[in-house]
Amino acid sequence: MNAECPVCGAQIQLAADAVQGELIECPDCGTELEVVSVNPPQVKEAPQEEEDWGQ
Amino acid sequence: MTKIKVSIVGASGYTGGELLRLLLFHPNVEINQVTSESYTGKFVYKVHPNLRKATQLKFSSASELQQCDVLFLCLPHNSSQNKIDFYKSIAPKIIDLSADFRLKNQDEYEKWYGHKHVRPELLKEFVYGIPELHREEMKNANYISSAGCNATASILGLYPLFKNDLVFEDRTVIEVKAGSSEGGNKVNEGSHHPERSGVVRSYMPTKHRHTAEILQELSFGKNIQVHFSATAIDIVRGLLATCHVFLKKDLEEKDIWKIYRDAYGNEPFIRIVKENDGIYRYPEPKLLSGTNYCDIGFKKDENSNRLVVISAIDNLMKGAAGQALQAFNIMFGFDERTGLEFTGLHPI
Chain A
0 MNAECPVCGA QIQLAADAVQ GELIECPDCG TELEVVSVNP PQVKEAPQEE EDWGQ
Chain Z
0 MTKIKVSIVG ASGYTGGELL RLLLFHPNVE INQVTSESYT GKFVYKVHPN LRKATQLKFS
60 SASELQQCDV LFLCLPHNSS QNKIDFYKSI APKIIDLSAD FRLKNQDEYE KWYGHKHVRP
120 ELLKEFVYGI PELHREEMKN ANYISSAGCN ATASILGLYP LFKNDLVFED RTVIEVKAGS
180 SEGGNKVNEG SHHPERSGVV RSYMPTKHRH TAEILQELSF GKNIQVHFSA TAIDIVRGLL
240 ATCHVFLKKD LEEKDIWKIY RDAYGNEPFI RIVKENDGIY RYPEPKLLSG TNYCDIGFKK
300 DENSNRLVVI SAIDNLMKGA AGQALQAFNI MFGFDERTGL EFTGLHPI
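In order, the protein sequences belong to chains A and Z.
Sequential numbering from 0 applies to the first sequence in numbering that gives the first Met the number 0.
Sequential numbering from 0 applies to the second sequence in numbering that gives the first Met the number 0.
Fair warning: there could be bad hints in the mix.
[Stated by the list, open to error] To spell it out: a stretch of chain Z is covered by chain A in this simulated footprint if at least three of its residues, at any positions, have a beta carbon under 8 Å from a beta carbon of chain A; those stretches are:
id	segment
1	136-144
2	270-278
[As the list claims (entries may be wrong)] Some residues of chain Z that are not near chain A, with every Cβ distance over 10 Å (derived):
id	residue
3	ASN27
4	ASN81
5	SER190
6	LYS253
Everything labelled a hint here was simulated from the structure, so no lab data went into it.
Beta carbons: idealized from backbone N, C-alpha and C, even for Gly.
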């Protein structure tokens with residue numbers, strides 16, 4: 000069973016040894032995700048540091 | 000292994016040189032002749048110095064063309080159509096990189112190019128050369144008309160939205176920022192270095208001819224409008240198309256991801272580039288130099304139904320020679336990526 004990226008909807012297969020709280024990256028949109036649950040697989044967007052972007 | 004014998008007509012230009020660079024290393028290709036009227040008898044490396052030691056080929060005159068399997072025409076616009084019968088007598092298959100056979104409608108050709116087409120009855124014989132849209136037709140085609148560079152980036156960026164009827168038909172605005180190689184290798188006062196260097200020059204705010212191709216490929220039988228502008232900027236290769244469209248219904252970014260993934264998920268040369276962090280969050284032409292990729296990104300305006308779609312290509316590759324070779328590979332049943340595996344340079 001796959002987790003769904005909350006940002007782009009990509010199906011993400013968690014590693015067999017994934018643990019709750021682990022940070023992973025979505026292979027499609029590159030968003031850093033936090034594993035909320037392993038069974039069932041669930042991820043959420045990890046908090047990001049605000050950047051000075053596009054001044 | 001039997002090799003496909005190809006010749007390039009008009010090989011001294013930037014597009015012809017780029018195509019030659021690719022074909023020289025294609026495992027299924029034997030290059031018969033490369034023609035140039037200005038450089039007949041000269042080694043090709045005199046014009047394309049990057050090919051020094053890669054080949055000892057010399058330019059021939061087009062009048063010396065011998066029979067081959069495929070002719071690539073890299074001529075200025077309004078040249079191929081005048082000698083198309085001769086080219087057809089040389090090779091059973093032709094890939095024309097000029098604009099002469101891109102439009103299917105004679106009236107549209109005359110409207111956008113300002114003169115009558117010499118052989119309008121042949122327009123429908125040519126398959127429009129964007130593989131992602133016309134792959135099946137290319138498999139059995141004898142004649143392919145390679146798409147315009149600005150048109151390629153714009154069409155690929157917007158195709159999934161128009162195909163799925165997701166955007167208003169009359170409100171599309173496209174702004175392309177383009178490098179100097181789009182202008183070819185013929186010099187003019189505007190290309191003189193002190194004048195061209197550092198410019199942000201609006202060279203075609205309206206009436207750009209590539210608009211006609213965009214309309215042709217995105218209309219799906221409807222009456223659509225595309226408002227296209229082009230700006231010359233201080234790069235040599237590459238272009239960035241920033242397209243503004245307005246969604247008919249309220250879609251979330253995740254929905255739009257799905258639409259693009261459905262359209263292009265299996266495409267070898269299209270990448271969705273849209274990231275929340277890092278330096279290159281959206282498509283960046285400089286990373287695509289020498290590659291056949293079209294990178295596409297998007298961002299939905301949180302305060303309106305506007306969707307900004309950003310696409311980038313190397314105009315000489317996915318916008319010309321690379322795309323033509325991709326079409327050639329499809330025509331002959333080769334792996335589409337053959338000869339086009341280069342992934343670009345970083346940093347550059």
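**Prompt:** Any of the earlier hints contradicted here, and which numbers?
**Reply:** 1, 6
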